[in-house]
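Undergrad: As a plain string of letters, each chain reads:
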Amino acid sequence: MAVIEIKNVAKRFGNYQALSDINLTIEDQEFMVLLGASGCGKSTLLRIIAGLETASEGEVWIGGKRIDHLPPKDRGIAMVFQNYAVFPHLTVFENIGFGLRMQKLPNDEVTRRVTRVAELMHIDALLKRYSGELSGGQRQRVAVARALAMEPDVILMDEPLSNLDALLRMEMRAELKGVLAESNTTAIYVTHDQVEAMSMADRISVMHQGKIVQAASPIEVYRNPAAEFVAGFIGNPPMNFLTATPAGTGQWQVAGLALDGPQSGAETLNFAIRPEDLRLSEMGMQAKVKIVEPLGAHLLVTCEVDGTLFRAVLDSDLAVKRGDTLTLTPQPDRIRWFDPVSTRAVA
Amino acid sequence: MNARFLPYVLIAPVTLFLCLFFLYPFVLVAKQAFSTGAGFTMDNFRDVVSYWKFPISMKNTLLLAAAVVPVQLALALLMATMVNKMKRGRDLVLYVWTIPLGISDLAAGIIWLAIFEQSGFLNSMMHGLGLIDRPVNFLSYQHPGVVFLAIALAEIWRATAIMLVILVAGIGLIPKEYYEAAEVFGASPWKRFTRITLPLLRPSLQTALVLRVILAFEVFAVVAALGGTLFPVLMGETYAYQFDLLNGGAAAAMALIILAISIGFTLIILRLLRVPKGATI
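From first to last, the protein sequence lines stand for chains A and X.
Under our numbering, the first residue of the first sequence is numbered 12, with each subsequent residue one higher.
Under our numbering, the first residue of the second sequence is numbered 1253, with each subsequent residue one higher.
Treat the hints with caution; some may be incorrect.
If you want a taste of the chain X side facing chain A, the calculated C-beta under 8 Å gives, among others [claimed, not checked]:
1) Glu1369
2) Phe1373
3) Ser1376
4) Gly1424
5) Leu1425
6) Glu1432
7) Glu1435
8) Phe1437
9) Ile1533
Keep in mind that the hints were calculated from the coordinates and are not lab data.
This structure is a prediction, so every number in the text was calculated from the model and none was measured.
All C-beta atoms in this analysis are idealised placements derived from N, C-alpha and C, irrespective of residue type, glycine included.
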């Protein structure tokens, strides 16, 4: 059982506040993704859990034991590094067995475990090779195998797929997810790639400027972003925003359209809608088409609504061209509202 | 200019220079060593090897190298590791540590002579502390151990930095991620040193050791300043053949023997510290 609890963790580098107020509980065997743009503190948080960095404040608990004062090796963790860190002077076998040798496990046990994970990661034919003789994808597999061989409670992964080409990344994504689900370990996975996050995670923690903005399931993060940052970060293309003015109780005026919205005393709210939740209709927002991008499965149309750039994902059979004016209606149950001051979601 | 020939044209001046001022004299020395005026002969080698001082100077040279090089290697590794951990002032420390490199070996010998000689610093200090009543001549035949120690100390002081600079550069090239990975997978600081630093440092270690061992077999001025005739070494004997005994053939033979030893040790070092086939470091 390896529940990870992060309590009030903060990290400062000199005057720079890298992390503040981090509170997060990761359930046993959960696949948690820390998602954010570079510099948001996600790697720092991972390194604090690993013990490669010490928190300025707060506590880290794994499996009911406080571990933030322990060296990495006593935390029950294993890690996969962004640049793999596969030792170039050791064979694949010795790389995978490195941690086991450090634990002074008997030879036959090392061989048994290395062989098992090597088969699992499909690198059993490469055991005698050196890292310099491997491709990027194979090195990646060695790095994962080395972590799995430790049979750890927790596997930490720092952008493990970011150095692979697109096709390989897609392949490894699915494989990694399968392997980790089999291994019954808790996983924390750092990435800036939202597709990776959405497709792999049980839960995503979206991080921004050293804080966790939202921690929820991928679909929840996508459908109900807790803050404007999340709405603008998740989804490709991201959500559209327009300013809404009050038009009576629970009624809001958005680009000439009266919509049902929250009962709020705010002077303005930000209306948000995903591009794929817009429909062509008789009545609606007037959108002047700026750019049309046929993407095969659908049509990505960038238009201007109320002086703001606005994207819509439409049926690819539609004959739309630059300069046309479309009438768009948002799907009512998919509309989200944000307070422009706090940037938090308003129900 | 044809791009195929350009590299050769560019290295031609250096090659020519080395052929003229290195290869040509070397051939002359070799010729001199293998002749006494009447065709090919091994007489020069027989003479120098059978001379009573040869085994002593050979033994002294090897002993000195065996005492000095490992200490220097350990010190240089320790110093390089420490410098590498420094965040600030690293350059200043490196400059201070490499000062002895800027001093000629004879000057270095004289500095240590000023410490150990009868009217030197060591005597005045020990006298000042009341440890001795009158000056002791440390560097005499009565104290062969002290003579050896003084020479070894001077050599360590003088030439550790040459290994240090090579090792500092080499350690700096090892990516930090390897250490982090080793730490996460349970390697103690000592294990990280022996399992990561040392193997990944092999190319630098090779260079540093080869350079230092060759220099150790050429040790001369420091020994001359501190030991004089009390501590004969191979290079000192070569000098004596050439300039005291005016026997150019014997000096050339000695020089070739030193060269052979140097080549031998270089091959051993390269072999011991070779990178396994396939591994890229």
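Undergrad: For each hint, tell me whether it holds in the structure or not.
TA: Hints, one by one, checked against the model:
With 8 Å as the threshold, the beta carbon of Glu1369 of chain X stays out of range of chain A, its nearest partner Cβ sitting at about 49 Å, so the hint is violated. Given the 8 Å rule on beta carbons, the hint for Phe1373 of chain X is violated: about 46 Å separates it from the nearest Cβ of chain A. The closest approach between the C-beta of Ser1376 of chain X and any C-beta of chain A is roughly 50 Å, which is over the 8 Å cut-off, so the hint fails. Using the Cβ-Cβ criterion of 8 Å, the hint placing Gly1424 of chain X at the interface with chain A is not satisfied: the shortest such distance is roughly 16 Å.
About 12 Å separates the beta-carbon of Leu1425 of chain X from the nearest beta-carbon of chain A, more than 8 Å, and the hint is not met. Nearest Cβ of chain A to the Cβ of Glu1432 of chain X: about 5 Å, under the 8 Å cut. The hint holds. The interface hint given for Glu1435 of chain X is met, as the beta carbon of that residue sits about 5 Å from the closest beta carbon of chain A, less than 8 Å. For the restraint placing Phe1437 of chain X at the interface with chain A, the shortest Cβ-Cβ distance is roughly 4 Å, inside the 8 Å limit, so the hint holds.
Interface restraint check: Ile1533 of chain X against chain A, minimum CB-CB distance 6 Å, threshold 8 Å, status holds.
When held up to the earlier numbered hints, the structure conflicts with 1, 2, 3, 4, 5 and fits the remainder.
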